[in-house]
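**Student:** Chains A and B, in that order, are what the protein sequence lines are.
Take 172 as the starting number for the first sequence in the working numbering and just add one per residue.
Take 4 as the starting number for the second sequence in the working numbering and just add one per residue.
Any given hint could be a false lead.
[What the hints assert, rightly or not] Only pairs whose alpha carbons sit at most 20 Å apart, straight line, appear in this in silico SDA-like list of lysine to any residue:
(1) B:Lys69 to A:Ala190
(2) B:Lys153 to B:Ala52
(3) B:Lys153 to B:Glu59
(4) A:Lys204 to B:Gln90
(5) A:Lys204 to B:Glu94
(6) B:Lys69 to B:Phe96
(7) B:Lys71 to B:Ala52
(8) A:Lys204 to B:Phe96
(9) A:Lys187 to A:Pro222
(10) A:Lys204 to B:Gln97
(11) B:Lys145 to B:Gln113
(12) A:Lys204 to B:Lys153
(13) A:Lys187 to B:Arg49
(14) B:Lys71 to A:Lys187
(15) B:Lys71 to B:Gln113
(16) B:Lys69 to B:Pro29
(17) A:Lys204 to B:Leu64
(18) A:Lys204 to B:Glu59
(19) A:Lys187 to A:Lys204
(20) B:Lys153 to B:Thr14
(21) A:Lys187 to B:Ala52
(22) B:Lys219 to B:Gln34
(23) B:Lys219 to B:Gly167
(24) B:Lys69 to A:Pro206
(25) B:Lys153 to B:Leu169
(26) B:Lys71 to A:Pro206
(27) B:Lys69 to A:Thr178
(28) A:Lys187 to B:Arg50
(29) B:Lys246 to B:Lys145
(30) B:Lys71 to B:Pro171
(31) A:Lys204 to B:Leu127
(32) A:Lys227 to A:Gly213
(33) A:Lys187 to B:Gln84
(34) B:Lys145 to B:Gln125
(35) A:Lys204 to B:Lys145
(36) A:Lys204 to B:Thr14
Read the hints as simulated data drawn from the structure, not as lab findings.
For reference, the chains in residue letters:
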Amino acid sequence: MAEVTDTTLNIWLNGKTEALTSNQLSELLPRFKAPFAVALNGRFIAAAQYPDIALKAGDQLDIVSPIAGG
Amino acid sequence: MNPDFNIYGQTLNSRLILGSALYPNPALMQQALQQSGCEAVTLSLRRQAPEQQGGEQFWQLIRDLKLKLLPNTAGCHSVQQAVTLAQMSREIFQTNWIKLELIGDDYNLQPDPILLLQAAEQLLADGFEVLPYCTDDLVLCKRLYELGCKVLMPWAAPIGSGLGVLNPYALRTLRERLPDATLIVDAGLGLPSHACQVMEMGFDGVLLNSAVALAKDPVLMAQAFSHAVAAGRSAFLAGAMPKQDFASPSTPVLGMPFWLQEAP
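This is chain B alone, in the form it adopts within the complex:
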């Protein structure tokens, strides 16, 4: 397992990455990002509409935070769309990082595993540092890792669902089978306890957006997730006790009063 939280050679002190979307207003976004302690934020590109105000304000706020930028290819349905959007992102954001999203189904926004592999291969060859948003499928993740994706971002549940970990077996297996990959659980987390759960499993980090942005108090929820991620990491490092199906008294039995030795 990785002792540091390392994304393609860059060490981050916080294992929490937040998105920048869906906040009630830009000021709350800024406060939530600051209070979470996160050092990287996701963002995207869309067609510029000069008649719509706010785009410049968003960009200024993000720049003022001086966070590492992780642009995504959200909404792309083809390899060409994803590759082009990644290239546009690299020029604007001046980073080789790309959160590669390639959607295969519009109902649950499930990543398309086949197109994801094709796009990842092209982008890696073009010098990108690819962070694919993928399902928890072990073989897909192995293939992505073998291609050269040092960081993988399997889902816990569909984007924005807040359902938490739907398949803990699959995530545990990923961690077990890909011990040297940097694994960040991305999408589907709704509560800090969900984040803590995956960090306890040994995941390297957590990426989320809706759970913080759609909370009644996004700033407080950002802090809660920060604590949960740190707690889960500490628990993983500490090593959990083994489970058993029967009770074991924690208070010593020896010396218990009121007990009489059986008469000889």
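Isolated chain A, as found in the complex:
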């Protein structure tokens, strides 16, 4: 498990700045509705890896869900 910190952490969440109180990816995800998939700094993060991910300041997190497409 990644280390938990109490300091505020500024990241990019879906293109917008976000101040987090935890660096744990898994603590951020419950606000999103399934199904979703995650990329961190442009790289895919498999669901099985979520508990191991500690976020750092300036990280770019993308959380995507199904939409219509052609």
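Dock chain B against chain A, hints included.
**Tutor:** This is chain B only, laid out in the frame that chain A set:
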């Protein structure tokens, strides 16, 4: 030529694949997909915006249709973007199929042939079954096929243009030179006659979205495309008559009345 419409080992009865975007409302999308008889639908991924409603409804409607899902990488401009989006799609949609789109120009959304090859190679190595959206360039298509893309999706015209087949020579040549590839014309078709035209050439299938979704009556247009694709396929299998530049009467000439043999 392939007797069945086969996408990486999965046989589809309908040679028409539809997109899920741009319909006036979700109910019409659902009806159009159902009435088209299609068995596969394209869709995509975008950032989740909890404040925007509708995403869940879309996903539920699509799931209820029980179609095969063909996720795309629309909007990607780099290999890394496309690879990451493909990996995210595989996790969510539980399919190895990926409609690989890598845009090289924002005016006509023309695929970038160089990046397309690079991304296809990475994705194939990662176990994906890649369906690259490509131009009708013969050499590019040969390279993609040689890499291991068993299905190729050349454009007829730019996405959403509805222009129909801009270069019939190029498409005919692709069919001729890649007889064992599954070739699906993707993008640029506006009318059922366009779909019929490429099916008559021997293409294995057609993928379209705007032509149905932006019709005044999408459900009726979906049915029209379904008929056109089936008609074109039958015509291809039947084999067209040879063309000639002069007339040949179809009614027998022998026994024509009013005609007098020339006096001896």
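**Student:** Taking the hints in turn, state whether each one holds.
**Tutor:** Evaluation of the provided hints:
no.: 1; hint: B:Lys69 to A:Ala190; result: 40 Å, violated
no.: 2; hint: B:Lys153 to B:Ala52; result: 36 Å, violated
no.: 3; hint: B:Lys153 to B:Glu59; result: 33 Å, violated
no.: 4; hint: A:Lys204 to B:Gln90; result: 19 Å, holds
no.: 5; hint: A:Lys204 to B:Glu94; result: 15 Å, holds
no.: 6; hint: B:Lys69 to B:Phe96; result: 12 Å, holds
no.: 7; hint: B:Lys71 to B:Ala52; result: 26 Å, violated
no.: 8; hint: A:Lys204 to B:Phe96; result: 15 Å, holds
no.: 9; hint: A:Lys187 to A:Pro222; result: 23 Å, violated
no.: 10; hint: A:Lys204 to B:Gln97; result: 18 Å, holds
no.: 11; hint: B:Lys145 to B:Gln113; result: 18 Å, holds
no.: 12; hint: A:Lys204 to B:Lys153; result: 35 Å, violated
no.: 13; hint: A:Lys187 to B:Arg49; result: 14 Å, holds
no.: 14; hint: B:Lys71 to A:Lys187; result: 34 Å, violated
no.: 15; hint: B:Lys71 to B:Gln113; result: 26 Å, violated
no.: 16; hint: B:Lys69 to B:Pro29; result: 15 Å, holds
no.: 17; hint: A:Lys204 to B:Leu64; result: 16 Å, holds
no.: 18; hint: A:Lys204 to B:Glu59; result: 9 Å, holds
no.: 19; hint: A:Lys187 to A:Lys204; result: 18 Å, holds
no.: 20; hint: B:Lys153 to B:Thr14; result: 14 Å, holds
no.: 21; hint: A:Lys187 to B:Ala52; result: 11 Å, holds
no.: 22; hint: B:Lys219 to B:Gln34; result: 14 Å, holds
no.: 23; hint: B:Lys219 to B:Gly167; result: 18 Å, holds
no.: 24; hint: B:Lys69 to A:Pro206; result: 17 Å, holds
no.: 25; hint: B:Lys153 to B:Leu169; result: 24 Å, violated
no.: 26; hint: B:Lys71 to A:Pro206; result: 17 Å, holds
no.: 27; hint: B:Lys69 to A:Thr178; result: 46 Å, violated
no.: 28; hint: A:Lys187 to B:Arg50; result: 11 Å, holds
no.: 29; hint: B:Lys246 to B:Lys145; result: 29 Å, violated
no.: 30; hint: B:Lys71 to B:Pro171; result: 30 Å, violated
no.: 31; hint: A:Lys204 to B:Leu127; result: 30 Å, violated
no.: 32; hint: A:Lys227 to A:Gly213; result: 14 Å, holds
no.: 33; hint: A:Lys187 to B:Gln84; result: 18 Å, holds
no.: 34; hint: B:Lys145 to B:Gln125; result: 17 Å, holds
no.: 35; hint: A:Lys204 to B:Lys145; result: 42 Å, violated
no.: 36; hint: A:Lys204 to B:Thr14; result: 33 Å, violated
Violated hints, listed in ascending order, are 1, 2, 3, 7, 9, 12, 14, 15, 25, 27, 29, 30, 31, 35 and 36; each of the other numbered hints is respected by the structure.
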